[in-house]
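Student: Listed below, chain by chain, are the residues.
Protein chains: 2
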Amino acid sequence: MPKLNSLQKKLPLTVKKERDAVVLVNQLLLPGALKFIRLTTYHEAIKAIKKMNVRGAQAIGATGAGGIFLASLEYRGSDVRKMISFLRQAGRQIMKARPTARNLAWGVEQMLKIAQGANVKIIRQKIDRAYQDLLQSEVKNNLLIGKYGASLIKDGDHIETHCNAGSLSAIWFGTATAPMYTAHLEGKKIKVLVDETRPWFQGSRLTAWEMSRANIPYHINIDSANAFLMSHKMVDLIIVGADRITKNGDTANKIGTCALAMVAKNYNIPFYVAAVSATIDFSLNSGKEIRIEDRDDEEVIADVSYWHKSVAPKDAKAYNPVFDVTPAKFISGIITEYGILKPSEIKGLEKKIRREEKGNLVL
Amino acid sequence: MPKLNSLQKKLPLTVKKERDAVVLVNQLLLPGALKFIRLTTYHEAIKAIKKMNVRGAQAIGATGAGGIFLASLEYRGSDVRKMISFLRQAGRQIMKARPTARNLAWGVEQMLKIAQGANVKIIRQKIDRAYQDLLQSEVKNNLLIGKYGASLIKDGDHIETHCNAGSLSAIWFGTATAPMYTAHLEGKKIKVLVDETRPWFQGSRLTAWEMSRANIPYHINIDSANAFLMSHKMVDLIIVGADRITKNGDTANKIGTCALAMVAKNYNIPFYVAAVSATIDFSLNSGKEIRIEDRDDEEVIADVSYWHKSVAPKDAKAYNPVFDVTPAKFISGIITEYGILKPSEIKGLEKKIRREEKGNLVL
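As they're listed, the protein sequences go chains G and H. The numbering used here numbers the first residue of the first sequence as -8 and each following residue consecutively. The numbering used here numbers the first residue of the second sequence as -8 and each following residue consecutively.
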C-alpha cells in the first residue's frame, strides 16, 4: 500500500511509548481538539482507563501493558523478588480498571510473564523492549486484519460500523476500521455508516473524526436506524470490533452490537467482527460467562440533552450496561491477524497461538 | 377504575378545545416546564405540528382537526361554497405539515366530511360539535385500549416501550401507555422500561415525565440496550404506539421500533402495537407504501452533545429517517378500541368501521 504514509500523517498513534512515559490521545476532547496525555506512573494509567481518556479494547490493553512498563520505572529498590511483587500488585490494580475488555488483562499478562531476570536493571530493559514489541506487533496485526478484511469489501460498498473500533481504539489503524482503511488505500470507493453509539457517542465523536481525517465519505445515524437503513438496501456489510471473544465465538462489544447483528440477520447482511487474537478469552466457553460493565445512570440521563441541557425528570433512573454479547450464530466471521475465521474456528486458534508462543520462548 | 380521577389531576389534556381556540401542551419544554400554547388560527396549528410543539400520532390528528375548527372560525364571509373551499385548502395545507402519521389526514377528513349545511353558522356549529366529539371519542378509545391491553399485563411485569405513545401523544391517557395506566390503576405492580428514543429523546423527556407524574416506577435505557435487557430477562412485554398501520398489519412507528421488534422476536418476548383505528390506513396494502419522513441532519449531529455541546466533526452528515416500518410478522398483536387483533385481522376492520359510520349517518 503506497499511501500508508499519508494515513500516518492524518491519524496519530493512540498509544505511544517514550523513554520514560506512555503518551495517549486524550479521547475525551475529540473531535474538538487533538491533545495528548503523558503518563509517568501506573496510577495515571489506571486513571486514564477509568475516566475513559483512553478507551477501546486494544488501546486499553496497550495502556495496561504501559502501566507495567511505568511501574518497572517506578520501582526504586534493587530486590528482584520485591520488584516482581510490586509489578504484580500493579497488574492486579490495572486489570480492575475496567472489566469487560479481555485485552486489558492480556496486556498486563504479556508484560508480567517476561518480568524475570538476574537483576532489576535487566528486568526493566526486558520490559522496555517487550512493551515496544507489543505496540509494534499489535499494529502489524491490525494491518493484517486490514488485508484480510479488505477482501470482503467491494468497490462502492456501504459499510456500517458501531462504536469506535478504529485507530483510536487501538495503537493505530484500528480493527473494524482496518479493512475500511485498507480498501480505501487500495482505491475502492467506500462509504461508512457510523452508528452514533449512545450514550458516549463514540461513533459521532471518534469514528466520524477518523473518517473525516482519512477522507473517507461517511454518514452518521442513530443506533436504532439500522433496520431502516438495511431495509432500504443502504448497507452492504457490517464490521464491528470486540472487547472479549469466547471460545465458541460469542462476542462482547459495545452495547447495541447484538441488536445490530440480529437486525442484520433478518436482512441477510454479512456481519463481521474484527479483533486481534489478544481479544479472545480462551478461559471462557461462552458469552454467558462474560462480565458486563454497568456504568453510572448519569451517562444516560444527565446527558440526554436536547438544546444542550439535561431533559429527563430529576428522579429518573437508568439502566446503563455498556456492552452486550452477540451470540456466535449471528456472526458471519471474525477477522483476525490469522485470517477470517468462522466463530466455530475460534477455539482452534488456542493451540496455534500456544505453539507460536512456545516457539518464541525456544528462540 | 375509581382512581381515574387521580390520574386526571396528574396528566393534563394534551389537546383541549376552548370556545375559540385549541390549547396544546408545549411538548418542547417538557420535562422542564409544563406550559401551554393557545392556537387561534389554522396556520398556528400547522406551525405547532411542524415545529413539534405537538407530536404523537393522535395528538397531531387532534391538532389537525383543530386546525379545521379554527379555520371555520377564521372564515369571515357568508358564502357556504367559499367557506367549504376555504376549509378544504386549509385541510390540504394541514395534511402536509408532517407526512407519516395517518391520524393527521384522518383528523382533517373527519372535520371536512361533516362540513356541510344551509349556512355558514350551521356549518360552524357542526364543526364545533364534531371537534368536541372527536376529542371525547378518542379519549374513550384510549380507555378501551387500556382495558383490553391491561389483560396482557401480569402483576410484576416489566414493560418496555419506545418513544412516547403516551398521554402526551394523544388527547389523554395515550395508546401504548393506556394498558400501563390501566394496569397501574388496577393495582398491578408494574415497571416501565423507557427507551430514551434518539434523536429527540421522547422517551427520556416525555414518557419518563408521564411515568414520574403517574407514580409508575420506570428506568430509562438507551435504545440499543434492548438485546441486553431481554437476554437478561428484564423485559416481559413490549408495547409501542403507531403512526400508520397498513391493511396487512405492517406498522410505521418511531425509528427504532422495527429493530426492537426483531430483537424481541429472537427472545420470544411479546411485542404489541397499541393504536386507535384512526391510525389504520386502509388505502395502503403494505408498509412498503408508507412515506417515511426524513428530517434535518442537525437533529442527529448538532445535538450529539456530551458535556452539552456538539461533538461530531463540523463536516459531518447524517441520515435522519424518523420512522421505520415493522413488518406484521414481528407483531404479536395490535391493541385497538375494537379489542386486540392479529395483524392479519386489521383488514377485516375496514368493513366494520364503514358499517358503523353508515349507521351514524342514518342516525
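Bear in mind the hints are in silico, worked out from the structure with no lab data behind them. Since this is a predicted model, take the numbers as computed values, not measurements. Warning: the hint list may mix true and false statements.
Stretch by stretch, here's where chain G covers chain H in the computed footprint (C-beta under 8 Å, at least three residues) [stated by the list, open to error]:
#1 2 to 10
#2 84 to 90
#3 169 to 179
#4 208 to 215
#5 237 to 249
A few chain G residues that don't get close to chain H, going by computed Cβ distances all over 12 Å [claimed, not checked]:
#6 L(-2)
#7 K7
#8 H34
#9 K41
#10 A88
#11 K104
#12 K117
#13 I144
#14 D186
#15 R189
#16 W200
#17 G339
#18 E347
Quick list of in silico lysine-lysine cross-link-like pairs, BS3-like style, CA-CA up to 30 Å [to be verified]:
#19 K131/G - K73/G
#20 K224/H - K87/G
#21 K179/G - K308/H
#22 K256/H - K305/G
#23 K87/H - K308/H
#24 K279/G - K112/H
Just so you know, even glycine gets a beta-carbon here, dropped at the ideal spot from N, CA and C.
Student: Decide, hint by hint, whether the structure agrees.
Tutor: Verification of the supplied hints:
For the region 2 to 10 of chain H, the assignment as covered by chain G is violated, since 0 residues bring a beta-carbon within under 8 Å of that chain's beta-carbons and 3 are needed. Coverage of the region 84 to 90 of chain H by chain G is violated. Counting CB-CB distances below 8 Å, 0 residues qualify, and the rule asks for three or more. Check result for the region 169 to 179 of chain H against chain G: violated, 0 residues qualifying (beta carbon to beta carbon below 8 Å, three or more required). Taking a C-beta to C-beta cut-off of 8 Å, the region 208 to 215 of chain H contributes 7 residues in contact with chain G, enough for the three needed, and the coverage statement holds.
Only residues whose beta carbon comes within less than 8 Å of a beta carbon in chain G count, and the region 237 to 249 of chain H has 3; three or more means the coverage holds. With a closest Cβ-Cβ approach of about 17 Å to chain H, L(-2)/G is found to remain outside the 12 Å limit, as its non-interface label requires. Chain H leaves K7/G outside its interface by the beta-carbon criterion, the shortest separation being 23 Å against a cut-off of 12 Å. The beta carbon of H34/G sits about 25 Å from the closest Cβ of chain H, which is more than 12 Å, so the claim that it is off the interface holds.
Consistency note on K41/G: stated as away from chain H, and its beta-carbon is indeed over 12 Å from all of that chain's, at 17 Å minimum. Distance check for A88/G against chain H: the nearest CB is about 21 Å away, which clears 12 Å, and the non-interface claim stands. For K104/G, the requirement that its beta carbon stay farther than 12 Å from each beta carbon of chain H is met, with the minimum near 34 Å. In this structure K117/G is separated from chain H by more than 12 Å, as the shortest Cβ-Cβ distance comes to about 41 Å.
Its beta-carbon lying about 20 Å from the closest one in chain H, I144/G satisfies the requirement of being farther than 12 Å from that chain. At roughly 8 Å, the least C-beta separation between D186/G and chain H is not larger than 12 Å, which violates its mark as non-interface. Here R189/G does not stay apart from chain H, with its beta-carbon only about 4 Å from theirs, under the 12 Å limit. For W200/G, the shortest C-beta to C-beta distance to chain H comes to about 5 Å, within the 12 Å cut-off, and the non-interface label is violated.
Distance check for G339/G against chain H: the nearest CB is about 27 Å away, which clears 12 Å, and the non-interface claim stands. With a cut of 12 Å on Cβ distances, E347/G stays outside the contact zone with chain H, its closest approach being about 35 Å. In summary, the hint linking K131/G to K73/G is not supported, as the alpha carbons are separated by about 34 Å, beyond the 30 Å threshold. In summary, the hint linking K224/H to K87/G is supported, as the alpha carbons are separated by about 27 Å, within the 30 Å threshold.
Between K179/G and K308/H the alpha-carbon distance is near 21 Å, which keeps this suggested pair within the 30 Å criterion. Taking the CA atoms of K256/H and K305/G, the gap is about 34 Å. The hint is violated against a cut of 30 Å. Note on K87/H and K308/H: the hinted pairing holds, with a Cα-Cα distance of about 26 Å set against a maximum of 30 Å. Under the criterion of a C-alpha separation no larger than 30 Å, the hint pairing K279/G with K112/H is inconsistent with the structure, at around 70 Å.
Of the hints listed earlier, those the structure fails to meet are numbers 1, 2, 3, 14, 15, 16, 19, 22, 24, in rising order.
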